[in-house]
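Heads up: the sequence lines are chains A and B, in that order.
With this note's numbering applied, the first sequence covers 1 to 325.
With this note's numbering applied, the second sequence covers 326 to 378.
A hint or two may mislead.
With a Cα cut of at most 16 Å, we get these calculated EDC-like pairs of lysine to aspartate or glutamate [to be verified]:
1. B:K330 to A:D131
2. B:K350 to A:D131
3. B:K350 to A:E246
4. B:K330 to A:E246
Derived by calculation from the structure, the hints in this document are not laboratory data.
What you are looking at is a predicted structure, and each value in this text was computed from that prediction instead of being measured.
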Amino acid sequence: MRIDPAIAKLVADPAPLFGAGEAVRGWSEDPAVAPLLAELGRYGSGTALSECPGLSGLIAAGAEGAGFARRAAGVAAQHLRAEPLALWPWRHFSNGVLHSVTIAADGDASLSLAVVDGAPWFAARDPLVPDLAAFQPGTLHAVVVGGTASGRIMRNRSDDPARAQIESQPIAFAPGTAFTIAGEREALALDAIGGLLMTLRLYRRPAGNVPARQYDVASGMLVHQAAGEQSDSRAELMMALLRAMERSDAAPALAALARSGAPPARWQALRECLALDSAAGFAALVEVAAQADDPLCAPARSLAETLAAQHPALARMREELLCRA
Amino acid sequence: MNLPKIDISSLPDLDVLTGLFGSLKHFDPGLAGSNDLIIVLMVYIYDTTPILN
């Protein structure tokens with residue numbers, strides 16, 4: 001196995017790995033920064049942004065955010081450039097087009113710097129791909145720190161999850177431009193970037209478990225839906241693994257997952273539970289089917305009927321369960 | 326009671342399929358990053374030692 005000399009050196013001296021912690025600590029204790037990070041903690045715990053005057057000022061239109069971003073970049077980006085193997089305590093990401101670094105995170109909120117590089121962004125565009133709008137729950141407040149661009153804020157006016165009614169509002173980005181995207185109903189689209197576009201972003205994860213949805217802008221048709229909670233997808237992968245391992249002792253845990261949460265995740269738990277342990281899964285299915293106000297009642301009832309018709313043993317089991325209830 | 330073994334592929338999905346967290350089609354690479362955290366998956370591997378008689 002090839003081990004890069006720079007990584008091999010860390011075995012003898014791991015200090016570069018942890019140097020970022022020192023850099024962050026020094027910055028976060030700065031008297032100009034510490035109150036903002038305290039507000040970020042409150043905002044991340046659910047406090048309204050209007051009750052966080054420092055943060056509000058930072059992402060408001062104007063130059064205040066730019067000054068803060070420059071200082072933060074001085075700490076984050078410069079440190080990562082000097083010590084590329086440093087364990088930066090928060091997320092840093094690049095896909096060759098977007099480069100972002102989280103400079104503070106607390107609870108559900110995070111503050112990050114993002115740069116979109118116009119040339120690779122333009123090169124990555126596929127003119128054959130239809131114009132899609134991605135509505136991702138969560139709230140983003142951002143202010144442009146540098147560069148210019150043009151785009152649209154798309155708003156879904158429909159209450160029908162199967163079909164969107166999208167209105168677009170053009171937006172021109174220039175240093176000091178502030179914008180807010182309430183992700184469940186609003187999405188941002190970029191149309192042109194002049195060189196680089198750098199923003200300071202305040203993001204808060206959504207409180208509820210609402211899926212992310214993508215629609216075709218022209219027709220409003222739903223083209224893709226994705227889990228709104230990271231933990232739902234994690235559970236889905238774990239359940240598939242447990243089924244593959246035939247760990248029937250996990251069936252009660254799967255049945256419990258089928259009882260609460262987002263309907264798509266619960267349905268997947270029912271399927272996995274039925275495949276892992278048909279008795280435990282079928283009992284959970286009958287339980288869901290019996291709840292008239294459960295959004296999964298109809299598909300659960302239909303599946304229970306089908307399985308009972310296919311398997312006499314399950315039909316008898318259902319009778320027993322219903323008698324007991 | 327002799328209960329059947331059910332194949333998961335025989336069980337229906339809901340009308341609208343839900344992809345994994347962060348999965349989006351043809352997503353503008355310039356807009357990624359606010360909500361596409363990686364799925365954390367922990368896999369335990371049990372290594373069994375053969376019993377030697």
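Consistency of the hints with the structure:
With a C-alpha separation of about 45 Å, the suggested pair K330 of chain B and D131 of chain A falls outside the 16 Å cut-off, and the hint is violated. Proximity of K350 of chain B to D131 of chain A is assessed by CA-CA distance (about 11 Å); at most 16 Å being required, the pair is judged to hold. A C-alpha spacing of about 33 Å is found between K350 of chain B and E246 of chain A, which places the hinted pair above 16 Å, so the restraint is violated. Between K330 of chain B and E246 of chain A the CA atoms are separated by roughly 11 Å; this keeps the pair inside 16 Å, and the hint holds.
The earlier numbered hints that this structure contradicts are 1, 3.
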